[in-house]
Amino acid sequence: MEEDKIRAAMLRKSRAARIEQRGRAISFACIALIVLVVVAIFYFVASKGLATFYQNKVNLWDFLSKTSWSPSTTGPHGKPEVGALPMIIGSFGVTFLAAIVATPFAIGAALFMTEIATKWGAKILQPVIDLLVGIPSVVYGFIGLSVVVPAIRNVFGGTGFGILAGTFVLFIMILPTVTSMTVDAIHAVPSYYRSASAALGATRWQTTSRVVLRAAVPGILTGIVFGMARAFGEALAVQMVIGNAAMLPKDLISPASTLTSVLTSGIGNTVMGSLENNALWSLALILLLMSLAFNLVIRWIGKRGALK
Amino acid sequence: MANYSLDDRFIRELPGDAEVAVSTDDLRVFYGEHEAIHGVSLPFERYKITALIGPSGSGKSTYLRSINRMNDNIYGSRVTGNIMYRGLDINSNAVDVYEMRKHIGMVFQRPNPFAKSIYDNITFALKRFGTKSKAELDEIVETTLKQAALWDQVKDQLHKSALALSGGQQQRLCIARAIAMKPDILLMDEPASALDPISTATLEDTMMALKDQLTIIIVTHNMQQAARVSDYTAFFYNGQCLEFDETRKIFTRPKIQATDDYVSGNFG
Numbered sequence: 423m424e425e426d427k428i429r430a431a432m433l434r435k436s437r438a439a440r441i442e443q444r445g446r447a448i449s450f451a452c453i454a455l456i457v458l459v460v461v462a463i464f465y466f467v468a469s470k471g472l473a474t475f476y477q478n479k480v481n482l483w484d485f486l487s488k489t490s491w492s493p494s495t496t497g498p499h500g501k502p503e504v505g506a507l508p509m510i511i512g513s514f515g516v517t518f519l520a521a522i523v524a525t526p527f528a529i530g531a532a533l534f535m536t537e538i539a540t541k542w543g544a545k546i547l548q549p550v551i552d553l554l555v556g557i558p559s560v561v562y563g564f565i566g567l568s569v570v571v572p573a574i575r576n577v578f579g580g581t582g583f584g585i586l587a588g589t590f591v592l593f594i595m596i597l598p599t600v601t602s603m604t605v606d607a608i609h610a611v612p613s614y615y616r617s618a619s620a621a622l623g624a625t626r627w628q629t630t631s632r633v634v635l636r637a638a639v640p641g642i643l644t645g646i647v648f649g650m651a652r653a654f655g656e657a658l659a660v661q662m663v664i665g666n667a668a669m670l671p672k673d674l675i676s677p678a679s680t681l682t683s684v685l686t687s688g689i690g691n692t693v694m695g696s697l698e699n700n701a702l703w704s705l706a707l708i709l710l711l712m713s714l715a716f717n718l719v720i721r722w723i724g725k726r727g728a729l730k
Numbered sequence: 235m236a237n238y239s240l241d242d243r244f245i246r247e248l249p250g251d252a253e254v255a256v257s258t259d260d261l262r263v264f265y266g267e268h269e270a271i272h273g274v275s276l277p278f279e280r281y282k283i284t285a286l287i288g289p290s291g292s293g294k295s296t297y298l299r300s301i302n303r304m305n306d307n308i309y310g311s312r313v314t315g316n317i318m319y320r321g322l323d324i325n326s327n328a329v330d331v332y333e334m335r336k337h338i339g340m341v342f343q344r345p346n347p348f349a350k351s352i353y354d355n356i357t358f359a360l361k362r363f364g365t366k367s368k369a370e371l372d373e374i375v376e377t378t379l380k381q382a383a384l385w386d387q388v389k390d391q392l393h394k395s396a397l398a399l400s401g402g403q404q405q406r407l408c409i410a411r412a413i414a415m416k417p418d419i420l421l422m423d424e425p426a427s428a429l430d431p432i433s434t435a436t437l438e439d440t441m442m443a444l445k446d447q448l449t450i451i452i453v454t455h456n457m458q459q460a461a462r463v464s465d466y467t468a469f470f471y472n473g474q475c476l477e478f479d480e481t482r483k484i485f486t487r488p489k490i491q492a493t494d495d496y497v498s499g500n501f502g
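Listed in order, the protein sequences are those of chains A and B. Here the first sequence is numbered in my numbering, starting from 423 and rising by one per residue. Here the second sequence is numbered in my numbering, starting from 235 and rising by one per residue.
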């Protein structure tokens, strides 16, 4: 009798199992929506951005390598000039410089928080860093405009606007991102690594530099690439301090421009469907492809780190 | 290392009057293409303790986990063959795994209490399966903790975090949590491997005390433990059960060379 009941209960599809099927459908719908949005954005930007090359017959290689950008006027060859190299160089320049400057600071700060002043680090520094992440970029840009640019003008001369000012503002902006991801990476190193190293007679510095940091490298690299992705995509703050001159930068303190700064200053002044507009979409496409590339790099680093 | 033939096997039939709680028939477990368990057929007698022994990687844990279909959750794993429980093949999509696991509980190698109070750890599943009355829950918490030999130590701190308990206490809490569902069968995957000898002894007493209400299948690396607590012993090697017999016979007169070498410590 009881035997039969238990058997029947096991063969009945329970309410839990049915609800689970519904849950699966809901979560699938959520991911489908996200995928749809991403595909739609890619399609839209790509169709607009590629129109420059298909409709307006601009040579792709010219677009990437020519240095003169004036899509609204006709150049000496009877064609508008859409050479995006100055912006590409500007974007990569500020991104890499900011990352190079930020990395040692981030690692130093993270080591202080995790290995040296652990209590203090968790209680005070972590919230401070989280706060820095949340400051709107226009505030960074405004401070850059009123502090960094005049300072550069006073020290190096010129206008003060340029890649150096952009680098400085971006360095401050990505520092908290890179630092907090480095902190996470160091926290994830198991404590028995430290014990093992200490028990072999290694000093604190040797343990930290050779064992802990070594094991945290994939996580730290991921943090740096995240920071670079943020720097590459940052528009407002950079636009406020870089000078917005679409020409090849001669040095770090002469006005330059980035893909994002040209986009934000130009997109409102062009007519949809015109070459000027399409050329801006092409810049947007480059930005999109670059963020895709950053993503792939992050995944690749994560995978390589996991294998070890 | 000596290589023992997987074809050289001895599986003792249960006595005619023995009641079988659960049995497997040609159970095979695959991880992707790799076959981890090569068709194991074993009966487990009701209200007895059966120990699964064997070297690391011999598949005893994999086999144990497949009995209440915990391998379902592992991506890429596939289990074929029959698992007969109450005249029903529970290795089938027609069977509701949640309902089935009410009857076939499990205790894991590392104590894994939830980050909840002792009380909530035990009532977690009960509440989800519809036991609502406070009095009833209190009653079950008390009886199961007593059965798990933990009541006297924790009765004044039932609402404190389970994570504050010692390892042995945590493991007994996990047993209390499992038997609160009143399962028929309790699967134990090396439950004492993370415990000190005193906690282990208490755990073994608990198992012996539980024997009159449920069937226990235990994986253990500790051969003295298998000899002390179990009625039957199955020796696993390379994904196959080479010998299954009464524990007494396995440890005194094993019929298979591999078993003999393993229990006498001459293995490998």
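Read the hints as simulated data drawn from the structure, not as lab findings. Among the clues, some could well be false.
Okay, derived cross-link-like pairs now, EDC-like style, lysine to aspartate or glutamate, Cα gap no bigger than 20 Å in a straight line [claimed, not checked]:
no.: 1; chain 1: A; residue 1: Lys427; chain 2: B; residue 2: Asp372
no.: 2; chain 1: A; residue 1: Lys427; chain 2: B; residue 2: Glu373
no.: 3; chain 1: B; residue 1: Lys445; chain 2: B; residue 2: Asp479
no.: 4; chain 1: B; residue 1: Lys489; chain 2: B; residue 2: Glu247
no.: 5; chain 1: A; residue 1: Lys435; chain 2: B; residue 2: Asp306
no.: 6; chain 1: B; residue 1: Lys336; chain 2: A; residue 2: Glu698
no.: 7; chain 1: A; residue 1: Lys427; chain 2: B; residue 2: Asp323
no.: 8; chain 1: B; residue 1: Lys336; chain 2: A; residue 2: Asp426
no.: 9; chain 1: A; residue 1: Lys501; chain 2: A; residue 2: Glu698
no.: 10; chain 1: B; residue 1: Lys336; chain 2: A; residue 2: Glu424
no.: 11; chain 1: B; residue 1: Lys350; chain 2: B; residue 2: Glu373
no.: 12; chain 1: A; residue 1: Lys427; chain 2: B; residue 2: Asp479
no.: 13; chain 1: B; residue 1: Lys282; chain 2: B; residue 2: Asp418
no.: 14; chain 1: B; residue 1: Lys416; chain 2: A; residue 2: Glu425
no.: 15; chain 1: A; residue 1: Lys435; chain 2: A; residue 2: Glu425
no.: 16; chain 1: B; residue 1: Lys416; chain 2: A; residue 2: Glu424
no.: 17; chain 1: B; residue 1: Lys489; chain 2: B; residue 2: Asp241
no.: 18; chain 1: B; residue 1: Lys366; chain 2: A; residue 2: Asp426
no.: 19; chain 1: B; residue 1: Lys282; chain 2: B; residue 2: Asp439
no.: 20; chain 1: B; residue 1: Lys416; chain 2: A; residue 2: Asp426
no.: 21; chain 1: B; residue 1: Lys394; chain 2: B; residue 2: Asp372
no.: 22; chain 1: A; residue 1: Lys435; chain 2: B; residue 2: Glu333
no.: 23; chain 1: B; residue 1: Lys336; chain 2: B; residue 2: Asp390
no.: 24; chain 1: A; residue 1: Lys435; chain 2: B; residue 2: Asp241
no.: 25; chain 1: B; residue 1: Lys361; chain 2: A; residue 2: Glu442
no.: 26; chain 1: B; residue 1: Lys336; chain 2: B; residue 2: Asp241
no.: 27; chain 1: B; residue 1: Lys416; chain 2: B; residue 2: Asp390
no.: 28; chain 1: B; residue 1: Lys445; chain 2: B; residue 2: Asp423
no.: 29; chain 1: B; residue 1: Lys416; chain 2: B; residue 2: Asp479
A few chain B residues that face chain A, going by a derived Cβ cut-off under 8 Å, partial list only [claimed, not checked]:
no.: 30; residue: Met318
no.: 31; residue: Arg320
no.: 32; residue: Ile324
no.: 33; residue: Ala328
no.: 34; residue: Tyr332
no.: 35; residue: Met334
no.: 36; residue: His393
no.: 37; residue: Glu438
no.: 38; residue: Asp439
no.: 39; residue: Met442
no.: 40; residue: Ala443
Heads up, the beta-carbon is just placed ideally off N, CA and C, and yes, glycines get one too.
Here is how each hint holds up against the structure:
| no. | hint | in the structure |
| --- | --- | --- |
| 1 | Lys427/A / Asp372/B | violated, 27 Å |
| 2 | Lys427/A / Glu373/B | violated, 25 Å |
| 3 | Lys445/B / Asp479/B | holds, 19 Å |
| 4 | Lys489/B / Glu247/B | holds, 14 Å |
| 5 | Lys435/A / Asp306/B | holds, 17 Å |
| 6 | Lys336/B / Glu698/A | violated, 68 Å |
| 7 | Lys427/A / Asp323/B | holds, 16 Å |
| 8 | Lys336/B / Asp426/A | holds, 16 Å |
| 9 | Lys501/A / Glu698/A | holds, 12 Å |
| 10 | Lys336/B / Glu424/A | holds, 15 Å |
| 11 | Lys350/B / Glu373/B | holds, 19 Å |
| 12 | Lys427/A / Asp479/B | violated, 33 Å |
| 13 | Lys282/B / Asp418/B | holds, 11 Å |
| 14 | Lys416/B / Glu425/A | holds, 15 Å |
| 15 | Lys435/A / Glu425/A | holds, 18 Å |
| 16 | Lys416/B / Glu424/A | holds, 14 Å |
| 17 | Lys489/B / Asp241/B | holds, 13 Å |
| 18 | Lys366/B / Asp426/A | violated, 25 Å |
| 19 | Lys282/B / Asp439/B | holds, 14 Å |
| 20 | Lys416/B / Asp426/A | holds, 17 Å |
| 21 | Lys394/B / Asp372/B | holds, 15 Å |
| 22 | Lys435/A / Glu333/B | holds, 9 Å |
| 23 | Lys336/B / Asp390/B | violated, 29 Å |
| 24 | Lys435/A / Asp241/B | violated, 40 Å |
| 25 | Lys361/B / Glu442/A | holds, 18 Å |
| 26 | Lys336/B / Asp241/B | violated, 36 Å |
| 27 | Lys416/B / Asp390/B | violated, 24 Å |
| 28 | Lys445/B / Asp423/B | holds, 17 Å |
| 29 | Lys416/B / Asp479/B | violated, 28 Å |
| 30 | Met318 | violated, 12 Å |
| 31 | Arg320 | holds, 6 Å |
| 32 | Ile324 | holds, 7 Å |
| 33 | Ala328 | holds, 6 Å |
| 34 | Tyr332 | holds, 5 Å |
| 35 | Met334 | holds, 5 Å |
| 36 | His393 | violated, 28 Å |
| 37 | Glu438 | violated, 29 Å |
| 38 | Asp439 | violated, 29 Å |
| 39 | Met442 | violated, 26 Å |
| 40 | Ala443 | violated, 24 Å |
Consistency note: the structure conflicts with the earlier hints numbered 1, 2, 6, 12, 18, 23, 24, 26, 27, 29, 30, 36, 37, 38, 39 and 40.
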